[in-house]
Amino acid sequence: MTYLKHIGKYFMMLGQVFKRPQKGRVFKEALFKEFDELGIKSIGIVIFISFFIGGVIALQTALNIENPLIPKYLVGFATKRSVILEFAPTFCSIILAGKVGSYITSSIGSMRVSEQIDALEVMGINSLNYLVLPKVLATVFFYPFLIILAMFLGIFGGWVAGFTSSMFSEIDYTQGLQLDFNPFLVQYALIKTLIFAFLIATVPSYHGYYVKGGSIAVGKASTQAVVWTIILIVISNYFLTQMLLT
Amino acid sequence: MIIVDKLYKGFNGIQVLKGISTTFKPGKTSLIIGQSGSGKTVFLKSLIGLHTPESGTISFNGGINTEFTTEQKRQWRQEIGMVFQGSALFDSQTVQENVMFPLKMFKKQSEEQMLERVNFVLKRVNLENSNSKFPAELSGGMQKRVAIARAIVMNPKYLFCDEPNSGLDPNTAILIDDLIQEITDEYQITTVINTHDMNSVMQIGDKIVFLKDGVKAWEGTNKEVFKTDNEAVVKFVYSSELFKKVRLAYLNETK
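Going down the list, the sequences are from chains P and G. Residue numbering for the first sequence follows this note's numbering, starting at 12 and increasing by one per position. Residue numbering for the second sequence follows this note's numbering, starting at 1441 and increasing by one per position.
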């Protein structure tokens, strides 16, 4: 029953979020601020993680191919597939759920416990629309670019790993990358990213907005928000894969 | 004028407000006093529309707030200024941005016009030259003054303050009281303050409403509070030796 109550409340929250902003100029300012907070400031971690994970995927694939009958270009092929299909959209989204999700919950939660949200409501401002809509739009529009960046860097990380370890040649790796390239897989990854970006913005907002208590409650809400966002990303990943790839 | 009629409000089966009726007049400072848990904050939050009453009505110049149309409600919201207990300033915004925020949201004014109004109200609360500071860089008293500036920047008809003196030293508390009183007189605002501060009761209480267990147990002026023989009020207001002496002195003086 409690879960149903939360689901209902979450969708009612979305009803308030997706309303016309009260003042375009203020909304634009908030949107650009969120692009910076949630998007630009996440570029560093995405670059760092995707580069090294791409390298690890390439090295592990190369290490597990001992049979001389298996062509070496499989390393590039496997790295490309893993990065585009799962690592960039799903793994990066999980990382972003941790980084951005906790930020969203704690910032909105702190506003709740310090009565800043009440202050907005008293002024006659739709606080959910003002606080959450810019976050949703910033993540949904920015994260596909982050994920494309992660794809390129993951694949580049694999290339660098081969170059530095001499476990596979640049030619084999490039041949593997070009082999059986299906553009739909990139589309599939971007569709997943849009759904994950929406979850990353809305689930932590829900936890922050309805927090009750003080700073400890905000801390607990942040943890819960991250856990639930990851759970929902994993579940929706399963269903999206089933719907789009089978 | 605000007229409250038989206001009831409860949470999870516990009745917090039990049929409160009272009026608050323009140009007067009215204080809501009572022990912790007596329902003061719920009462104030009901007045500003953050809680919906279970029954009873609150009318603002004849219009009942729960029956307002969307447009009337929008208009009414702009007539309300609220000073929260913890100031509730937006931490990510500077003093100037905090005070300008309601203007940006609701007024069609140029940046210069808004800035002029912001500087005017900041000067009114004696906070010039703090425009670029963030709330975290201000003292408690300065934060309260910024909150007052933000509350009056839209020229409200009604000003509500929740414990405006809490956490302030006695001198600053008196300054804040004086400021609220001056603003109320100057702009003929209907001001309602929730407080525990007995100095405020003595100093600025044009009208005092005493709540006990969600019921209005007494109401009167700050002069009448000296003379009342209402046991609950006497016990609450004169709990300290100092105020007992003040009361005795007043009564001897007026004999």
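If you are wondering where the hints come from, they were derived from the structure by calculation, not from laboratory data. One or more hints might be untrue.
Claimed, not checked - Now the stretches of chain G that chain P is said to cover, found in silico as 3 or more residues with beta-carbon under 8 angstroms:
id: 1; segment: 1524-1530
id: 2; segment: 1536-1550
id: 3; segment: 1568-1580
C-beta: ideal position from N, C-alpha, C; glycine also.
Each hint tested on the structure:
no.: 1; hint: 1524-1530; result: holds (count 6)
no.: 2; hint: 1536-1550; result: holds (count 5)
no.: 3; hint: 1568-1580; result: violated (count 0)
Checked against the numbered hints above, the structure violates only hint 3.
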